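Peer 1: Working from the sequences, and respecting the hints, build out all of it.
Number of protein chains: 2
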Amino acid sequence: MKKIAAIGAGNIGKAAARAIELSPDMELCGFIRRELKPVKGFEKFPSVKSVFDLPEKPDGAIICLPSVLMEEAEKELLESGIYTVDAFDIHSELFAMRKRLAESAKKGKVSCIVGAGWDPGLDSVIRMLMTAALPKGIMFTDFGPGMSMGHSAAVRMKGGIENAFSYTLPLGYGEHFRKIYAVLKPGEDKKEVEHRILSDKYFEHERCSIDFLDSIDDFFTTGHSAKITRFGEMGGKLSFSLSGDNPTITGQILASSMRAAFIQKPGAYFMTEIPPVDFCIGSLEKIL
Amino acid sequence: MKKIAAIGAGNIGKAAARAIELSPDMELCGFIRRELKPVKGFEKFPSVKSVFDLPEKPDGAIICLPSVLMEEAEKELLESGIYTVDAFDIHSELFAMRKRLAESAKKGKVSCIVGAGWDPGLDSVIRMLMTAALPKGIMFTDFGPGMSMGHSAAVRMKGGIENAFSYTLPLGYGEHFRKIYAVLKPGEDKKEVEHRILSDKYFEHERCSIDFLDSIDDFFTTGHSAKITRFGEMGGKLSFSLSGDNPTITGQILASSMRAAFIQKPGAYFMTEIPPVDFCIGSLEKIL
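Protein chains in written order, with the numbering used here: chain A, 1 to 288; chain B, 1 to 288.
Since the hints were derived computationally from the structure, they do not count as laboratory data.
Quick caveat: nothing in here was measured; it's all calculated off a predicted structure.
Hints may contain errors.
The list makes no distinction among identical chains, and a pair is therefore deemed to hold if it is satisfied within one copy or across any two copies.
Dumping the calculated DSS-like pairs for lysine-lysine here, alpha-carbon to alpha-carbon at most 27 Å [to be verified]:
| id | residue 1 | residue 2 |
| --- | --- | --- |
| 1 | Lys106 | Lys286 |
| 2 | Lys227 | Lys237 |
| 3 | Lys136 | Lys2 |
| 4 | Lys286 | Lys201 |
| 5 | Lys201 | Lys227 |
| 6 | Lys286 | Lys237 |
| 7 | Lys136 | Lys286 |
| 8 | Lys37 | Lys75 |
| 9 | Lys3 | Lys57 |
| 10 | Lys49 | Lys107 |
| 11 | Lys136 | Lys44 |
| 12 | Lys227 | Lys286 |
| 13 | Lys265 | Lys106 |
| 14 | Lys136 | Lys3 |
| 15 | Lys136 | Lys40 |
Peer 2: Printed below as a string of structure tokens:
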């Protein structure tokens, strides 16, 4: 039974912890977080500032911090001989991140899976398999309807905003519309804030609209959907769709990736580089 | 550029050959078949009785023979240092086949992928990935509407039959109905033939019906469909669907598996044991 720590106790950290608890081959050994109070729903588990403060050194750790804070934490864990999986989601930095983490992993003689989850992660795996089955053709990825954590955070950071959620709405065939719901801070100018948001790099090349409202609490949901469709030779068509609770599915993919990390050679990997059977419990013969 | 031979020139052999021709990193070098006449649509390629009769020794071979004839042919190729992929489809013998082929592959210092195609093959990969994303839940696989080559052959082998096709019709949630279209040989008793078919191990535990007709030529189609659905935690739902020309898709999966075989360590593998990126052309950075 592998002992796993959750690094971070936000939506994803808690969902990953729950997924570990559901796994017969892994057990949760605690949370690493800034606040030392127990994590809601996980009161019986230790909640400490460093992995080295846990009663026992964990075998693995799932990194559920904001992407910009992941690398430092993950390197330290890997170099201490702890296997890791992270939900790093800055697409443009994935390769550089993997390269640096591979060095730490080899130092600690362990392995890590970088950018695990739905996107990046499973969606790239599905696209590759679709391309293997229909090598010539066209492919579309539709995201949503669902709230984008990254885009919502980007809106909130533009200033003048109490709270904001950015929903991704699929128009079909890879085209999207973003609908932003925001609450202005008192005295802020609506036009000015709107300009700041729409000129941000997250939105400047996107179709989007902003609704300023008195309250957006009822707009907070964690449901999400996605669909990948590929059209190929001789009328061939492949389609993959996903819907459900975003943190729950992400947490489950992270836990399955944790299982896979333990059986890779020292190094850093993307999900696309992992044999699918490695994500599953038990022998291949039993699984099939 | 890897040189690939197609072993067999039936529907699947020709479709695999076409897929190799479409691949920028592989080239077709000929067919191995009993008859020495050129293969229709591939007249410019040699058609010979043994791989050793080709102008040049191929790097790889795709085995598209009836399953029961595959092993002997594949072992010889592997032991001669030729990488192979086969479309072996007898589920109950997959593990034993893989074990025996692994020995031949190691002898020849090459590798092979066993049971490549849609089922067995890609469908197991998709099920594993779905299980990784939704570890607790229920899953259904629906096949069809489409003709089952295996079931059609089983009907034809029962005697008293001129020709027959068995269609797999999905009732949903993993339940199926088989509709058999058959032409009786002159003087055969309909009731007796029907009894022989329905008591065959392919059909005895199945919902099915038989239509005896004067001609079934118009019932020959190679289109097929399949759908895998998984329902998991917190309303999570995953769905994968495939439709198109059965030999074309199978041939394309075989060609992509051929590419993957070249970069595995000596041994025999199922598709579920291959990193998804290995099926694709070019570097991971370019693909992603």
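Peer 1: All hints are to be evaluated individually against the structure, with a verdict given for each.
Peer 2: Results for each hint:
1. Lys106 <-> Lys286: Only across copies: Lys106 and Lys286 sit 25 Å apart there, 32 Å inside one copy, limit 27 Å.
2. Lys227 <-> Lys237: Cα proximity of Lys227 and Lys237: in one copy and across copies (13 Å, 12 Å).
3. Lys136 <-> Lys2: Result: close only across copies, 19 Å inter versus 43 Å intra.
4. Lys286 <-> Lys201: This pair counts as between: shortest inter-copy Cα distance 24 Å, intra-copy 48 Å.
5. Lys201 <-> Lys227: within (25 Å within a copy, 39 Å between copies)
6. Lys286 <-> Lys237: Between copies, since 24 Å is at most 27 Å while 31 Å is not.
7. Lys136 <-> Lys286: Classified as between; 16 Å across copies, 35 Å inside a copy.
8. Lys37 <-> Lys75: within (25 Å within a copy, 63 Å between copies)
9. Lys3 <-> Lys57: within (8 Å within a copy, 52 Å between copies)
10. Lys49 <-> Lys107: Within. Shortest intra-copy distance 24 Å satisfies the 27 Å Cα cut-off; inter-copy 54 Å does not.
11. Lys136 <-> Lys44: between (53 Å within a copy, 23 Å between copies)
12. Lys227 <-> Lys286: This pair counts as between: shortest inter-copy Cα distance 22 Å, intra-copy 30 Å.
13. Lys265 <-> Lys106: both (9 Å within a copy, 21 Å between copies)
14. Lys136 <-> Lys3: between (44 Å within a copy, 20 Å between copies)
15. Lys136 <-> Lys40: Between copies only: 23 Å across chains, 49 Å inside a chain, cut-off 27 Å.
Going through the hint list in order, the structure satisfies each hint without exception.
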